[in-house]
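Protein chains in written order, with numbering that gives the first Met the number 0: chain A, 0 to 505; chain B, 0 to 281; chain C, 0 to 83.
Just so you know, the hints here were simulated from the structure itself, not pulled from any lab data.
Since this is a predicted model, take the numbers as computed values, not measurements.
Here a beta-carbon is modelled for each residue, glycine too, at the ideal position from N, C-alpha and C.
One should not assume that every hint holds.
Stated by the list, open to error - Covered by chain B, according to a simulated footprint, are these stretches of chain C (three or more residues, beta-carbon under 8 Å):
(1) 0-11
(2) 62-74
What the hints assert, rightly or not - Using 30 Å as the maximum straight-line C-alpha spacing, the simulated DSSO-like pairs for lysine-lysine come out as follows:
(3) Lys287/A with Lys235/B
(4) Lys80/C with Lys415/A
(5) Lys449/A with Lys276/B
(6) Lys279/B with Lys451/A
(7) Lys7/C with Lys39/B
(8) Lys21/C with Lys80/B
(9) Lys80/B with Lys80/C
(10) Lys40/C with Lys408/A
(11) Lys1/C with Lys417/A
(12) Lys449/A with Lys39/B
(13) Lys39/B with Lys288/A
(14) Lys469/A with Lys277/B
(15) Lys279/B with Lys262/A
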Amino acid sequence: MINGVGRFIPDNLDPFVSSDNFLTKERKLISKKNKQSKTVFLNNLTEVFDILNITSGMTFSFHHHLRNGDQVIQMVTNEIGRRNLQNIHLAPSSIFPNYTNLVDLIRNGNVTDIHTNYLNGPAAKLISEGYLRGKLVMNTHGGRARAIESGDLLIDVAFIACPVVDKNGNGHGSFGKSACGTLGYAVSDLEYAKKVVLVTDTVVEELKDYQLDGQYVDYVLVIDSIGERSGIVSGTTEITKDPIGLKIAKECANLLNFLGLIKNDFSMQTGAGKTSLAVVSFVEDIMKKNKIVGSFASGGITKSYVDMLENGLFKKLYDVQCFDLEAVASFAKNENHIAMSASEYGNPFEKNPICNKLDFVVLGATEIDLDFNVNVTTDSLGYLIGGSGGHADIAYGADVTIIISPLIKSRIPIIKEKVMTVTTPGSDVDILITERGIAINPLRKDLKEKLKGSSFPIFEIGELLELTHKITGVPKDIKSDEKVIGYIEYRDGTYLDCLRKVNYEY
Amino acid sequence: MFRSLLFIPGNNPSMLQNADVFSADAIIFDLEDAISINEKTNARNLVKNYLTTSSVLPKQVVLRVNAYGGNWFEKDIELLKTGKVDYLLIPKMDKLTMEGIDRFLNHYETTNHLPETKLIALIETSRGVLELPDFAQNKRLVALFLGAEDLTSDLEIKRSESGDEIFYARSKIIYTSAANHLVAIDTPYTNINSSEGLLKDCTYAMSIGMKAKACIHPNQLEIVNKVFSPSEDEIKWALAIIEIHETKPNVGAFQFQGKMIDKPIIDRAKKIVEKAKKFKLL
Amino acid sequence: MKGIAGSKESNDCLITIETSEKTKIEIQSIVGAFFYEQILKTIEDTLTENRIKNVLVKIEDRGALDYTIKSRLLTAIERMKEDV
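Looking at chain A on its own, in the form it has when it is part of the complex (with noise of 0.2 Å):
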């Protein structure tokens, strides 16, 4: 059937309807763990999986707080091809390029189903060219806590890992060796996993204040390491220089200003990339210059809002995961640096998730197309190459949310008249800012009406289309494969889109 964004889903699934749809529906909880015995402290890994008597076919959880640092992922995967367990179910909040382990597992069938929210890397060529047995799940970041919860995705064991444990089991992100901050991916695997193992590489006596919370926890597993720090930093720290993103940025700042958006007490969530980053120097030069200060910013946290923080810009930082390790000291000392886990940042059924609070979020975007539907899941070709992480989650949740991208990438256009993949569906998107041009989603009339008159470059998505196509020639409809290798979530469990098997080699 064609769901609520016109996409083909298949009849056994359960279509989208529309991003408010979720409001008709009952939040559905299974019961959270009831642990009786005591915390148990391991040293190897087989220990583990001998105890925990881990068989084919069971589901392990991750997170990704360590990004590309993490040696969790791979340790334990590592372990699971030396047993050669077959038809294992993967759940990481995100896969990324350095798991490497992960290539063989899928080619060889020891993994054959994935639930994630954001993977690039050789696994995801790999599964982009259909090697993967079984589905790959694209969820959002408070889509996968509602999965967990739900009992939709259940977790056979949670490995979580933990940059410093307590004696009796309670654990915390922001000290230790591999100290990398918040742990807000973990919260919904640790409370409500089958098993819960967190693996670290420091232990103390007595932890005072914690965010896992020990009485979930049935086995700490302690290593030598459980990652390299370095590897957290998202690699894009510095603003850009390079002048079109620059007059992206700008453009950006002075609309939000115009918009009347950047006044006291407002709040905001911003990409990591460069031009993101532009976005908040710009912003942060609008509030010093009218004397303004935010409620919050949120999200995954960089250097610069903790700056932001710390000059008394903003009231509070809400942080679901630290982009660099100022991020982490940050959240290890200051108490207005406060730590969200996926469920408070971006469940639907939460009662009053971050996401919903915020007045606006500026994106980026691999496509976009005339309905202002937005891709971020693959490239225009169908390579896997991110996924939406909490994209969908806060563009449903801003008043505004505002795209950011130059129309053309290497001669792609950025619009097209269908995305190839929909991470996050247009109704949720307002506003779209490229270098030669400004679209705004016809459904907000208001936005409309308040930019009539202003001297900013507005126009319609279409004639920016064409405009592009001037300039880059009209680039040939691209066909996928037929097989489809798995499926975009949206964030209340229904199907957004599929996700089919690239045609084209590089």
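Chains B and C: place on chain A using the hints.
Then chains B and C, alone, in the frame of chain A:
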């Protein structure tokens, strides 16, 4: 009329395809110093095909051709036939060069049925500075552009942050421009990483009478445009004066905000408003 | 006889042209899935316009626009003619 002119190397497709996006009042497509000897043809072909086929072009197109009398000049001039070049920027301008180019273009334009080509003179030799009064009246000229790097090399001196060494050249260009209704364009600020240095240099150049500045990086444009635009206060002041003047056009002088306003000041107000309109600041 | 022009920088292309028994065009492009036909047409048209036959043209394209491809090819042709 310019505030900012941005140099783009003629052989750089990435820069070329975004030339229309940058906020420069004019783009200078460079076939001269930015292009190595081996790539002259390549760059000329690229700029030519860009100008003839690109669906998006900058507001004003300036072409910096190679020196008059050299190997490439006549081939570079062929780009006038695209009909897309608004101005030629002529390197190492002096009296003889001006005369030669004028003759050459008169002939070339007649043969090819082209309109009169407008020129910007790059003043970058000591001779060019000294001979300014001898060629500045040429009707093809719209602007004088100081090229301090080549000039100081000619003088065998170093460039400095304060620019004391080019004060004479700057002044002479400013005076000659004002006397001949030309735009005085200041030399680029070469440290692209220092926005403070750029701001200081621009502010100074503007204060002594430069009307525009060339840029060698797109990220310099914002500061240059800002400094060489009339400020909000200036525009308000100018509008108020013109309003009073228009209500009583026969009164030669009047008081405004405690100051005497007469013809030269009214003229200045008119220029400010004209500029503000041109650069869409009104 | 052989001529080379362009670069492998993004938005540019590297074109090699040499005399050959019959005309052959080899296209390697990061945007080939979208623009193969258009790149081919630009090259064919430019060869025809300049009455060039019996050449092997190789292009390594990094997302160059048509006018860039055409310009690089023209320069490569000029260089081929000078290459004796």
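Hints breached by this structure: 4, 8, 11, 12 and 13
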